[in-house]
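Chains as they are written, first to last, in our numbering: chain A, 461 to 705; chain B, 135 to 391.
Read the hints as simulated data drawn from the structure, not as lab findings.
There's no promise every hint is true.
Stated by the list, open to error - Calculated lysine-lysine pairs in the DSS-like style (CA-CA distance at most 30 Å, straight line):
| id | chain 1 | residue 1 | chain 2 | residue 2 |
| --- | --- | --- | --- | --- |
| 1 | A | K473 | B | K179 |
| 2 | B | K210 | B | K179 |
| 3 | A | K565 | A | K473 |
| 4 | B | K288 | B | K227 |
| 5 | A | K473 | B | K303 |
| 6 | B | K340 | B | K303 |
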Amino acid sequence: MDAVWVPLLLSLKVAGWATLLNSVLGVAVAYALARWRSSARDVVDAILTLPLVLPPTVLGYYLLVLVGRRGVFGAWLSSMGIELVFTWQGAVLASTVVAFPLVLKSARAAFEGVDHQLENAARVLGVTEVGIFFRVTLPLAARGIIAGVLLAFARALGEFGATLMIAGNLPGRTQTLSVAIYEAVQAGDDNTANLLVLVTSVTCVVLLVAAGRLVPPVARGTADVYEPRRFRSGARKAVTPAVTK
Amino acid sequence: MPSTPRFLRRTIGAAALVALSLTSSSVFAADLIVSAAASLTNAFKTLAEQYEKSHPDTKVVLNFGASDVLMQQIVKGAPADVFASADQDAMNKAESEKVVQPASRKDFAANQIVLIVPHDSKLGIASLKDLTHADVKRIAYGNPSSVPVGRYTKSALEADNLWDAVSAKGVPAQNVRQSLDYVARGEVDAGFVFATDATVMPDKVKVAVRVPNRTPVTYPIAITTQTKQAAAATSFVNYVLSPDGQAVLARYGFLKP
Chain A
461 MDAVWVPLLL
471 SLKVAGWATL
481 LNSVLGVAVA
491 YALARWRSSA
501 RDVVDAILTL
511 PLVLPPTVLG
521 YYLLVLVGRR
531 GVFGAWLSSM
541 GIELVFTWQG
551 AVLASTVVAF
561 PLVLKSARAA
571 FEGVDHQLEN
581 AARVLGVTEV
591 GIFFRVTLPL
601 AARGIIAGVL
611 LAFARALGEF
621 GATLMIAGNL
631 PGRTQTLSVA
641 IYEAVQAGDD
651 NTANLLVLVT
661 SVTCVVLLVA
671 AGRLVPPVAR
681 GTADVYEPRR
691 FRSGARKAVT
701 PAVTK
Chain B
135 MPSTPRFLRR
145 TIGAAALVAL
155 SLTSSSVFAA
165 DLIVSAAASL
175 TNAFKTLAEQ
185 YEKSHPDTKV
195 VLNFGASDVL
205 MQQIVKGAPA
215 DVFASADQDA
225 MNKAESEKVV
235 QPASRKDFAA
245 NQIVLIVPHD
255 SKLGIASLKD
265 LTHADVKRIA
275 YGNPSSVPVG
285 RYTKSALEAD
295 NLWDAVSAKG
305 VPAQNVRQSL
315 DYVARGEVDA
325 GFVFATDATV
335 MPDKVKVAVR
345 VPNRTPVTYP
355 IAITTQTKQA
365 AAATSFVNYV
375 LSPDGQAVLA
385 RYGFLKP
């Protein structure tokens with residue numbers, strides 16, 4: 461059971477941290493891009509979406525070149541005692557980079573879909589810009605952002621190529637579920653491989669279904685008031701505007 | 135509408151062009167697929183070139199990787215014609231799975247395990263026992279479950295009672311060339327590779343210890359059972375065993391089997 465439990469917990473830890481980092485980073489950058497009026501915006505967006513296009517092994521190689529002991533930042537990181545290669549932190553870095561575009565794209569689309577009139581109404585009522593972001597923009601964009609975050613979590617959980625390159629395959633330390641499956645297949649251990657695949661699939665399905673339940677319902681403010689309300693029993697009741705005499 | 139037939143014709147024309155361009159590839163009379171251990175990369179590339187010069191109607195397609203992985207591919211149906219392994223273990227497994235012809239199996243080269251360190255290493259590692267020092271933090275070696283050099287390393291270290299100490303700081307690699315790469319990049323303090331691999335990057339790594347062979351490090355080669363060109367496969371194996379082939383191997387540092 462150890463062969464399953466250890467990689468599973470490690471995968472969840474790495475994917476969890478990566479998704480957390482991406483939620484903050486992705487939402488911040490997406491908001492900046494959505495609000496930024498410039499012709500360079502699309503170029504920057506394309507560059508930030510590169511991790512989605514490049515093969516994960518190539519990404520892992522670039523990361524290795526950047527943060528490896530002889531890398532551009534590696535020497536500086538080493539001097540501060542931070543080791544990213546062959547550590548779970550390196551695996552988090554790999555998963556973060558790989559899943560970042562998923563949050564970015566979804567969040568940017570969500571922010572661009574927020575009705576400016578609502579934000580302006582809040583401004584008229586005297587809410588600060590920060591207040592507008594947290595109380596108006598973010599809640600309205602929540603569905604799109606959460607969808608992106610779920611995708612990013614799934615991607616981070618299944619990440620393999622870049623993780624293998626930068627974090628290696630150290631049992632107990634960086635051997636995530638995907639890497640463990642790869643090693644089992646390479647060694648010809650089909651039984652372990654099948655068990656790990658089953659565990660990965662079940663975990664992903666359970667997590668995604670549970671997370672889907674947490675998504676807030678469509679915000680009332682954006683629904684058409686003439687759309688009939690659906691009751692739990694499935695019956696419909698038309699909502700007519702109140703008639704004042 | 136008059137433009138519709140023209141649009142349709144253009145679309146079909148474009149699709150046909152795309153389909154044609156995707157199918158165009160040089161097709162030789164015989165494509166000989168050779169799966170060879172990662173440590174044979176440089177030697178077999180030269181061998182393949184020279185073989186093609188003397189046999190112009192055959193194209194040798196090379197597939198490199200850890201021997202166990204190559205063997206798994208063949209067992210699961212990969213269309214390899216020749217299998218060259220870095221240890222007898224992988225070839226034994228292939229024989230027991232009945233994917234190679236036992237009669238064609240021959241040893242064609244020998245090698246030696248060495249411990250290498252990054253070229254600017256200041257740790258002063260001079261013997262295997264030095265690996266247990268606290269300032270040696272990471273040691274790369276092939277994963278013993280799927281890489282021959284890892285198995286040779288493990289047996290050598292177990293003979294000296296050093297395996298537990300070394301594997302605690304171990305960084306298992308997917309094949310011997312990845313081990314070499316880790317050392318060349320300075321990501322690990324030392325690594326176990328074949329003597330022939332150490333000569334591939336003489337400016338980035340240096341040999342610290344020549345590990346004595348507990349088991350003979352010999353490379354067997356054999357023809358697969360599902361090969362469709364037994365004649366060409368046999369011809370290639372004979373070339374590898376011939377004086378010309380052996381000379382190429384010797385040039386890359388391989389020893390006589």
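Exercise. Which hints from the list above does the structure break, by number from lowest to highest?
Worked result: 1
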